[in-house]
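Peer 1: With the sequences and hints as input, model every part of the structure.
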Amino acid sequence: MVKLYIPLDMAAVAMGADRLAAAVAQEAAARGETIEIVRNGSRGMLWLEPLIEVETPAGRVGYGPAKVKDVASLFDAGFLTGGAHLLNIGIVDEHPWMKKQNRVTFVRCGVIDPLSVAEYEAHDGFKGLKRAFEIGPVAVVEEVTKSGLRGRGGAGFPTGIKWKTVADCPPGQKYVVVNADEGDSGTFADRMIMEGDPLSLIEGMLICGYAVGASKGYIYLRSEYPIVAKVFQAAIETALEAGWLGKNIKGSGFDFDVELRIGAGAYVCGEETSLLESLEGKRGIVRAKPPLPAHVGLFGKPTVINNVLSMATIPMIMEKGAKHYADLGVGRSRGTMPLQIAGNVKYGGLFETDFGIPLGVVVNEIGGGTRSGRPVRAVQVGGPLGAYVPVSLFDLPIDYEAFAAKDSLIGHGGLVVFDDTVDMAWMARFGMEFCAIESCGKCTPCRLGSTRGVETIDKIRSGMDVDANIELLKDLCHTMKFGSLCALGGFAPYPVESALRHFPEDFRKPALEAAE
Amino acid sequence: MSGAAQYSDERAREIIAAHMGLEGPAMPILHALQKEFGYVPDAAVKEMAEALNISRAEMHGVVTFYHDFHRAPHGRHTLKICRAESCQSMGAERQARAFLDKLKLDWGGTTPDGALSVEAVYCLGLCAHSPSALYDGEPIGRVDAEMLDEIAAEARD
Ligand SMILES: Cc1cc2nc3c(=O)[nH]c(=O)nc-3n(C[C@H](O)[C@H](O)[C@H](O)COP(=O)(O)O)c2cc1C
Ligand code: SF4
Ligand code: FES
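Going line by line, the protein sequences match chains A and B.
Each residue of the first sequence is one higher than the one before, starting from 1 at the first, in the working numbering.
Each residue of the second sequence is one higher than the one before, starting from 1 at the first, in the working numbering.
Check the hints yourself; a few may be wrong.
[Unchecked claim] BS3-like cross-link-like pairs, simulated, lysine-lysine; straight-line CA separation at most 27 Å:
| no. | chain 1 | residue 1 | chain 2 | residue 2 |
| --- | --- | --- | --- | --- |
| 1 | A | K3 | A | K69 |
| 2 | A | K127 | A | K230 |
| 3 | B | K46 | A | K282 |
| 4 | A | K442 | B | K46 |
No wet-lab data here; the hints were simulated from the structure.
Peer 2: Here's what the structure looks like:
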């Protein structure tokens with residue numbers, strides 16, 4: 001029997017993976033071939049999705065992007081034994097895009113059956129948790145601190161310090177909350193790990209719960225990810241059945257339950273305190289800090305909130321040790337970053353690499369430049385609140401501090417590439433409009449400032465008092481930056497100011513847009 | 001969404017009761033109500049307020065805060081078109097505008113025959129295949145004008 005892999009990843013499904021899997025099964029039956037189709041996660045080479053992998057003695061041979069119409073010819077070409085075909089990309093592990101990476105968080109994603117506990121364990125799964133049980137909660141927190149892991153959700157706050165704060169709170173009800181809101185444009189790493197290796201997230205939560213003394217974990221998932229909800233719920237049930245969740249986990253005396261909750265289309269609910277409000281069943285209005293969620297979090301109890309990637313990286317840190325992880329990266333940016341390459345780009349996908357790789361290398365060499373074939377003009381890094389970076393800054397290494405020094409951010413590691421047809425004044429307007437649509441409404445600079453921002457950019461774009469209005473816009477940005485309660489209003493100026501700074505000419509060509 | 005059930009207080013109370021064992025049950029209840037009835041009727045909001053022991057105004061505030069919850073019946077089918085940055089980098093905004101103009105709709109509108117609602121969505125995590133959309137929960141990558149027209153036609157069947 002031949003084992004085939006066809007991803008269930010939402011991006012693969014969006015490109016026809018479900019139909020492809022059905023067609024392959026049907027064709028195999030018609031030809032009397034016995035095959036087993038595993039629905040795996042994506043390997044991250046999203047431009048090749050749907051990618052079929054065939055297990056052969058030499059390794060897993062890939063065919064992609066495969067369409068239903070290719071199925072008959074794939075069988076004709078003997079793809080079940082790795083035969084030659086136009087779509088054959090060779091051994092997937094040997095592919096240059098794979099070889100250039102350093103997969104740590106994503107080491108199992110796309111490799112294993114996401115819903116098989118046995119495969120997860122065969123690929124070092126739950127070793128991190130077992131070690132945690134051996135060394136005890138205090139040592140676990142120390143290990144996470146020493147690894148240098150910083151929150152991958154955007155702010156880059158040291159994970160170990162957060163855990164210690166919760167661990168140091170008096171015993172009692174505590175919570176572990178995973179932020180799976182992933183609202184940023186250009187990001188999909190959380191989605192991919194939850195579809196491709198959900199047990200790693202569950203293991204991370206277990207380690208966290210054990211370390212800080214919590215027995216209940218929630219995952220707050222955005223509603224825009226319907227496939228994740230299905231896969232992850234199934235993963236929870238699989239883990240429960242195998243005794244990796246629930247009471248007295250594997251005889252450790254440790255109890256832990258995990259519950260999946262779905263958001264309802266509000267970007268601001270990715271902000272941690274707004275997320276907690278939403279979990280409690282309220283409007284997702286940002287809370288003022290202090291108190292920190294670590295002290296007064298979900299239902300008023302001490303709570304660790306971490307991003308999916310932060311949490312899913314923990315098992316590997318526990319398994320291999322803090323030093324192993326800390327030795328990767330540059331400066332204070334330790335370890336690896338799963339970069340998400342998107343937008344107008346040839347080879348879009350997920351590329352995990354040590355910190356320090358130059359932005360231009362990621363865009364041009366890994367991403368292959370634009371899909372349209374036109375010159376790259378700008379890259380928005382770090383989501384809708386991130387800056388637009390011009391080509392002149394392509395030497396910038398992926399490193400929290402290096403980006404901050406250029407008034408930019410890495411955020412969740414999303415890169416959105418734009419070609420030279422982009423109108424940066426329009427993108428600036430969109431940034432403000434997005435903030436206006438998504439503002440939670442608690443503070444004036446964000447709620448009103450963003451609406452004023454849209455109006456002001458409209459005036460600039462129509463050529464009205466351009467100089468005066470640009471000054472006004474800058475002033476408005478300043479007010480939002482320093483007067484907003486959270487980073488939605490506080491960072492919305494980044495895309496606007498960076499557009500003004502690096503692409504001033506786009507704010508002085510009114511006639512074009514008036515005709516649109 | 002197709003197959004929405006007729007609203008009844010009794011059914012709403014059943015749905016609410018089924019979730020009362022959860023910590024912070026409001027969001028799961030709202031999702032369940034919308035799944036059952038296709039929207040969150042005012043009468044259901046009243047039932048929720050009573051069950052959760054909060055004021056109706058407060059409950060109403062929760063429902064209206066979230067983009068996903070509708071307070072009136074929606075189209076039988078829903079097309080969510082992404083208009084976030086990555087999709088814009090591939091021309092999504094212009095393409096969506098042309099599609100909406102053709103249907104004589106604005107964002108959030110429903111065709112007069114009640115077949116199709118078109119909503120804006122800000123990123124579906126399909127940004128390596130921009131522009132993208134979600135049709136009745138089914139993700140679609142590299143959407144073009146022709147595909148949008150096909151969806152509109154299919155929705156009306
Ligand atoms: C408007 C706004 C949206 C955010 N969205 C997300 C998100 O979608 N996912 C996420 O992990 N963090 C998001 N954050 C950051 C969280 O507030 C928080 O810093 C993070 O979840 C902490 O986890 P980490 O330390 O593991 O990064 C957002 C912050 C703001 C201000
Ligand atoms: S900055 Fe905006 S989103 Fe953040 S608290 Fe203020 S109003 Fe709410
Ligand atoms: S920006 Fe459209 S799918 Fe991400």
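Peer 1: Can you name, in rising order, the numbers of the hints this structure does not satisfy?
Peer 2: Violated hints: none; all satisfied.
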